[in-house]
Amino acid sequence: MRTFDVTVIGGGPAGLAAAISAEKEGARVLLIEREARLGGVLKQCIHDGFGVIRFGEKLSGCEYGARFIKELEKTSVEVSCLTFASKIEKTEEGFLLTLIKRSGLEEISTKTIVLATGCRERTAKQVSIHGSRPAGVFTAGTAQYYLNVMGQMPGKRCVILGSGDIGLIMARRLTLEGAEVLGVYEAKPTPSGLMRNIYQCLNDFEIPLHLSHTVTRVHGDGRVCGVTTAKVDEKMQPIAGTEEYIECDTLILSVGLIPENELAEMLGVKLDPSTKGALCDQLYMTMTDGVFSCGNALHVNDLADYVSESGDEAGKNAARYAAHKRELAEVHFDRNFLYVVPQRIDLTDKSKPAVFFFRSSEERKKTRVRLLLNGTEILKKTYQNLRPPEMERLSVDLSALPLEASSKLEFVMEELPS
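Our numbering applies: residue 1 is where the sequence shown begins, and numbers increase by one.
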């Protein structure tokens, strides 16, 4: 049986960064990927905006991924594509993984695991769209794959449900390829994507955005022939009498992403109901010793640069891992936050500043975020605008703080006068 120090599951931006950083620490690393090529979703992202933070330049997703793959090829990391982890068991030495490969089954032993499995898209049934199941209903990521990788148009007259970033980017992409995007329909009263994508993908191409609207029914026998839309109330329920039939041949869903955590659940890793990802400390280790999580498997990120940053840290810390008893302090936050990651601080290793990511629970103007230790303010930062779709990053030096397991470390948010 082959043995590794670190096994990284997932070959997207987080997994690539994790494998490279673990190998730099001297670990024997295995990177497994279920698809035929590394890169994850980056392979189908031909738009720019990647790498601004990490490389100081605008790259397409393909270019961004290629830089990591090129760096990976210079390392001793063993890469296994078209490989599935079907079973993971805890052992005295670490973990026993059962892998399904083209050559058959293989069992390997590893001291630590990095879960870099990314996220998946919500489907039509998960957002309660009624009607038949004709061809022509795509998630935004699937439509992106059809167009950018396969070179096939998903349709000619398109309706997009949801204003997530992939949906907004696809609205622009479809328009540039000659399709007619009839509108983007968003059930919430505010857009779900980044404001730059609202301006660049919708406003610049005069694509209408209908807030507080949803698709209630899909019509068609064999192929989509139309959808019914309706206004929704403050409880997201369709308002009777506001229905409108729209003739189209394609419905594209951009209704949210969910961290992919089936393997985490198999290991008994505790999940955060707010993020749908694992609970972790500032070293990206989950509440299960030896299991690390990063990227969109941990929480859905806005930028691939932040995904890679978490992969760097998770891989490095997995390689440095030595079984020890952690002393954890819980991170608290008030109801004005949608979530804060990490949710715990390992008091046995405060050598580096802890990097926190958070989202506000609702759109806010001038706002101050404060970090309190047992009621005493240790940090504050003012934001001119906070929106749930836009994740914020905050680095905090905890090394000199008298932080104990019983301490109350709490983030609070307060709105300031304009």
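Just so you know, these hints were derived from the structure itself, not from any lab.
Check before you lean on any hint, since a few could be wrong.
Derived PhoX-like pairs (lysine-lysine); straight-line CA-CA distance at most 20 Å [to be verified]: (1) Lys-43 to Lys-58; (2) Lys-350 to Lys-325; (3) Lys-188 to Lys-156; (4) Lys-74 to Lys-58; (5) Lys-24 to Lys-352; (6) Lys-365 to Lys-188; (7) Lys-366 to Lys-350; (8) Lys-87 to Lys-231; (9) Lys-70 to Lys-43; (10) Lys-87 to Lys-70; (11) Lys-24 to Lys-87; (12) Lys-380 to Lys-366; (13) Lys-352 to Lys-325; (14) Lys-270 to Lys-90; (15) Lys-231 to Lys-188; (16) Lys-350 to Lys-408; (17) Lys-352 to Lys-270; (18) Lys-70 to Lys-24; (19) Lys-381 to Lys-365; (20) Lys-90 to Lys-325; (21) Lys-365 to Lys-380; (22) Lys-408 to Lys-380.
Just so you know, these numbers come straight off a predicted model, no measurement behind them.
Hint by hint, here is what the structure shows:
Between Lys-43 and Lys-58, the direct Cα distance comes to roughly 16 Å. Compliance with the 20 Å bound is thereby established for this hinted pair. Distance restraint check for Lys-350 and Lys-325: the Cα-Cα separation of roughly 15 Å lies within the 20 Å cut-off, and the hinted pair is therefore satisfied. Taken as a hint, the Lys-188 and Lys-156 pair is broken in the structure, with Cα atoms around 26 Å apart against an allowance of 20 Å. For the hint linking Lys-74 to Lys-58, the alpha-carbon distance of about 24 Å lies beyond 20 Å, and the restraint is violated.
Simply put, Lys-24 and Lys-352 have alpha-carbon atoms about 18 Å apart, close enough for the 20 Å limit, and the pair holds. A C-alpha spacing of about 18 Å is found between Lys-365 and Lys-188, which places the hinted pair at or below 20 Å, so the restraint holds. Distance restraint check for Lys-366 and Lys-350: the Cα-Cα separation of roughly 31 Å exceeds the 20 Å cut-off, and the hinted pair is therefore not satisfied. For the hint linking Lys-87 to Lys-231, the alpha-carbon distance of about 45 Å lies beyond 20 Å, and the restraint is violated.
Between the alpha carbons of Lys-70 and Lys-43 the distance comes to roughly 14 Å, so the proposed pair stays at or under 20 Å and holds. Taking the CA atoms of Lys-87 and Lys-70, the gap is near 30 Å; set against the 20 Å cutoff, the hint is violated. For the hint pairing Lys-24 with Lys-87, the CA-to-CA distance comes to about 28 Å; that exceeds 20 Å, so the pair is violated. Using a Cα cut-off of 20 Å, the hinted pair Lys-380 and Lys-366 holds, with the two alpha carbons roughly 13 Å apart.
Proximity of Lys-352 to Lys-325 is assessed by CA-CA distance (about 19 Å); at most 20 Å being required, the pair is judged to hold. Between Lys-270 and Lys-90 the CA atoms are separated by roughly 15 Å; this keeps the pair inside 20 Å, and the hint holds. Between Lys-231 and Lys-188 the CA atoms are separated by roughly 10 Å; this keeps the pair inside 20 Å, and the hint holds. At roughly 16 Å between alpha-carbon atoms, Lys-350 and Lys-408 fall within 20 Å of each other, so this suggested pair holds.
Distance check on the hinted pair: Lys-352 and Lys-270 sit about 25 Å apart at the alpha-carbon level, beyond 20 Å; violated. Between Lys-70 and Lys-24 the alpha-carbon distance is near 15 Å, which keeps this suggested pair within the 20 Å criterion. In summary, the hint linking Lys-381 to Lys-365 is supported, as the alpha carbons are separated by about 14 Å, within the 20 Å threshold. For the suggested pair Lys-90 and Lys-325, the alpha carbons sit about 17 Å apart, so the restraint of at most 20 Å is met.
Our distance criterion of 20 Å between C-alpha atoms is met by Lys-365 and Lys-380, whose separation comes to about 16 Å. Our distance criterion of 20 Å between C-alpha atoms is met by Lys-408 and Lys-380, whose separation comes to about 16 Å.
Violation of the numbered hints given earlier is confined to hints 3, 4, 7, 8, 10, 11 and 17; the remaining hints are satisfied by the structure.
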